[in-house]
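Colleague: Next come the chains, spelled out residue by residue.
Protein chains: 2
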Amino acid sequence: MADRLLCETDMAFQLFDWLNVESRLSDSEFDGETARAYFDLSQKLAADHFLPHYKTSDMHEPRLENGQVHVLPEIGTALAEFRDLGLFGASFPENLGGMGLPYLLSSASYAWFAAANCSSIGYTMLTGANARLLAAFGNKVQIDTFARPQIEGRWFGTMCLSEPQAGSGLADVRTRAVADGADAHGPRYRLTGNKMWISGGDQDISENIVHLVLAKVPNDAGDLPDGTEGISLFIVPKVLPDGTLNDIAVAGLNHKMGNRGTSNCLLNFGEGDGAVGWMVGEPGQGLRQMFMMMNEARIAVGFGAAALACRGYLLAVDYARERLQGRAIGQREGAPVAIIEHTDVRRMLLAIRAYSEGAMGLCLYCAALVDRPDDAEDAALLELLTPVAKTFPSEYGPKANDLAIQIHGGYGYTRDFDVEQLYRDNRLNPIHEGTTGIQALDLLGRKILREGSGLKVLERRIDDTCARAEAFPELSGNAAALRVALSQVFSTVDAVRTHPKDRQMDNAAPFQTAFCLVVVAWIWLDQAVAAHSLEQGLPQNDRLREGKTTTCRYFFTLELPMAAPLLAQVASGCDVTRTADPALF
Amino acid sequence: MADRLLCETDMAFQLFDWLNVESRLSDSEFDGETARAYFDLSQKLAADHFLPHYKTSDMHEPRLENGQVHVLPEIGTALAEFRDLGLFGASFPENLGGMGLPYLLSSASYAWFAAANCSSIGYTMLTGANARLLAAFGNKVQIDTFARPQIEGRWFGTMCLSEPQAGSGLADVRTRAVADGADAHGPRYRLTGNKMWISGGDQDISENIVHLVLAKVPNDAGDLPDGTEGISLFIVPKVLPDGTLNDIAVAGLNHKMGNRGTSNCLLNFGEGDGAVGWMVGEPGQGLRQMFMMMNEARIAVGFGAAALACRGYLLAVDYARERLQGRAIGQREGAPVAIIEHTDVRRMLLAIRAYSEGAMGLCLYCAALVDRPDDAEDAALLELLTPVAKTFPSEYGPKANDLAIQIHGGYGYTRDFDVEQLYRDNRLNPIHEGTTGIQALDLLGRKILREGSGLKVLERRIDDTCARAEAFPELSGNAAALRVALSQVFSTVDAVRTHPKDRQMDNAAPFQTAFCLVVVAWIWLDQAVAAHSLEQGLPQNDRLREGKTTTCRYFFTLELPMAAPLLAQVASGCDVTRTADPALF
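Protein sequences, first through last, are from chains A and B.
For what it's worth, our numbering labels the leading residue of the first sequence as 1, then goes sequentially.
For what it's worth, our numbering labels the leading residue of the second sequence as 1, then goes sequentially.
Since the hints were made in silico from the structure, they are not lab data.
All values derive from a computational prediction rather than experimental measurement.
Possibly wrong hints are sitting among the right ones.
Each computed EDC-like pair below joins lysine to aspartate or glutamate, with the alpha-carbon atoms no more than 20 Å apart [claimed, not checked]: (1) B/K501 to A/E341; (2) A/K55 to B/E61; (3) A/K501 to B/E61; (4) B/K44 to B/E8; (5) B/K501 to A/E333; (6) B/K55 to A/E61; (7) B/K399 to A/E395.
If you only want the chain B side, here are some residues facing chain A, beta carbon under 7 Å, derived [unchecked claim]: (8) W197; (9) P218; (10) A221; (11) L224; (12) L428; (13) R578.
Positions of the beta carbon are idealized from the N, C-alpha and C atoms, including for glycine.
Take the sequences, apply the hints, and build the full model.
Modeller: As structure tokens, then:
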């Protein structure tokens, strides 16, 4: 069962052979053997407790009764197992009650669970992000009171950013926090406002829920400050420390296409006297604090999307091996063959593998960067690659799941087969934690045109990969193609710099599409090189090397070439979208 | 309400200005005015009776109780209205009780209904195809007994091709038809076998159901003939002419991702003494008969996919005009703007429009070809374009719906907004009536390498369009690009002819992707030319001309350029998928 979640061989290759995770563990108490045991445990727990209710949690959505959200009990049971093994605290330091695991290891573990049941494990991701924010910016009492129970997995957490009238536009947040003295937990406020799209916003499977809420403190005239500068961050628990319920009402549940096990709520804060909340850190720092965590949150979305794509790949491979239909072209005699014998089915499998393993590799690479914040090169590269790690898996993961359905034919369109649900579940990922369009602005505007240092690091790493690839005849052509593509990225960026300032973002989206292709081509080539360095003559290594090389070649042949025409349009300053009059539509 | 189904202005432009439908009506009793009245009626009926239960029929799937399938009663009510207006017979000749409408008109009407509720109108499409097959190949008694009640809309029809073990592989059909004498309806047989994926396979909203079943007649030793040559076609009604129930059991209902209003059944024929059926035409002609209808069935799938995409476009445009969020780049003051002001939202709207209107144009063009079977050029072009009319809308329609969700942000991911359902409904289309991969084999293998005359016709038509486009400065660049792309198609085909026979289909899928882009680029350019020929100075004409020109330019800028790198790989005989060892996956 477990090997149907993610490809164990590939995950081991990526972590131990490609990213050489054991060398990174040298200064932690973890060693390679413990890491492997941790993965085994994750796989087993995911397969035994998360996968079995994957379909059930899709069929039985959270429901709202008398103001309380009820979720499928199996979700609570699975998360209790997760908690009892201490996994909520996996990546937290030991002095906070955690295990002190590197982010790379804890996020690889997360991928197993996301492959098994993305909406159940979603609660732990939100809880971890919440506790990490508190650990970074809260005072000691706040950490002890609100972070530690989350690290223990007894309380769960949420992030309350969006409002019904302001989704991605946080400058327009209207939730109001009025000063109400102070106590041991810090400066106290009363909050009033509506928060939309709150994942885990209410449920009945944790003892308490810690909401981290973005809100604005009115000035003396009672007006809220303009822009994002006036946004502060508040801790607003469902149950107050004195055991009474806070002034928070569940105004509604969103009924989603997929990802249904994670409740998603409209919360009304302060329908009565105002919800009690405590400010985290200094006033006006809310967005900055939230964005300190954003890289990890965005990479986590990438991991989730990649995991769903990888599971779909395994399901498609199994189906293609088992399903007998048709004969080779020109053959009319004999028994039907397994559909994996048909060239076009293999083309789809190669595409799915290229997207899913490439996405997973990209996310693992970025997770390794997260673990080295003090390395200036790694930090710069992480900034550059974060929108890519969010976007490529989110956009190509659903494409991979789409092809997995196609391989299943009519069966894939029915709810009896998990590929159908994977496709719906994965559709969320291009939307949350910053849409694909917002990532494109971040990538081209902030990370490349404004900062720029990450691109130079990427250039050096790609150059290094290509140099190593050139030693292998079957990879040297790919290396040459990658060098050409990278130079086109640079010339495109140079061209965009010459465009008028107010037009430089006109083609951020096609630029990002092309940039993603170049980055993932590099990930594939780098993995193919690493696969060539495995010990020769062992059947499992030979198979892995041939699989990586073939998929790499597929990506360079039928995917990377799409970058050039897009970059050419970006460089030329194509104005078709900017000049399109809104009245024409 | 009605104008939210399809863009009325654009449909009128495509039919009356671009395809000049009035000139085609000259030898029918229909004139332009009657055609417009027919469209108004279709729109109104679709909006009043089909749209209102779009969401309801998704939420309340057909259910099986005591061997009988029950569908949402609103579906029956809507189809009764459709029947009472005589619309089941719209495209049938008057001597069969129909209205004698050209296929172009009846299929444009179908598009309105498909936009409103694809799964409810699906029953009429199946019924029409069934009756048309009977009218073409049945004897007089069969036509009177089984076709006429369908043309009247009292009985519904199905097509029973697939079996659980043989989806697209019809050579492996195992349903057995044993001779059982003859009667007024023709040679009688007893059928035994299982048929899978039968849309409308059972329901409780028509008086009877006429199944057209592909089956094989065993030889004297009791063995079924190999291959597709032994397949015959049988009429197997749910209720026999004597009023008794035939030996057909509903073995199960498929629970689909979307398109839920259309019941989809596994039918067991002959659990008892064998289901009674009558052969249509000669033995061994079943597949040939079925494929005589296949062009229309495939174009109808294209229409459905295009209609869902077009409706999503209108919903996305409305949302983008109404939703206020964010400010222009660099602006921090003032109120939030409508998101249509953001360049990237307009990019998505242009993409949706390019896909959806392009798909609709392609289908309408093909429908016009269906109406001229005696014109050798048109007939050859229809053969060539049928897989394109099936594939482009099926593949790009879901992409359009995907972008419509993206424009809606989180709201688009909820079941409160129809874009969510459109996306699920449209996912069926790349699968049924021949998957995208099967269309690619048909396009490159049969229609181009084996037949080839359609490609020459296409070349002349594209040449004609380009010549007319060159008269308009803002279109001449597109004409030049299209000529280059077409010449690359020809050189690619020439290259493929030089490849070894058993390798010529290796890259049929990327060839088809590129070919679709070239064909749809031509459709866009041809429409842009037609829009330039509209009377100048009328605001509605100016707006239409500018909209067509801008969308055409978008397609040539950011979509058509993807064709060249794909064609280059096809021409080079790229062997990455053929040589990929199944054991590697």
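Colleague: Hint by hint, say whether it matches the structure.
Modeller: Now for the hints, and whether the structure bears them out:
1. B/K501 to A/E341: Answer holds: B/K501 to A/E341 is near 18 Å, not above 20 Å.
2. A/K55 to B/E61: 18 Å, holds
3. A/K501 to B/E61: 53 Å, violated
4. B/K44 to B/E8: 12 Å, holds
5. B/K501 to A/E333: OK: B/K501 and A/E333 at ~19 Å, within 20 Å.
6. B/K55 to A/E61: 18 Å, holds
7. B/K399 to A/E395: The hint holds at about 11 Å.
8. W197: 5 Å, holds
9. P218: Check failed: Cβ of B/P218 comes no nearer than 19 Å to chain A, outside 7 Å.
10. A221: 19 Å, violated
11. L224: 14 Å, violated
12. L428: Status holds, d = 6 Å.
13. R578: 5 Å, holds
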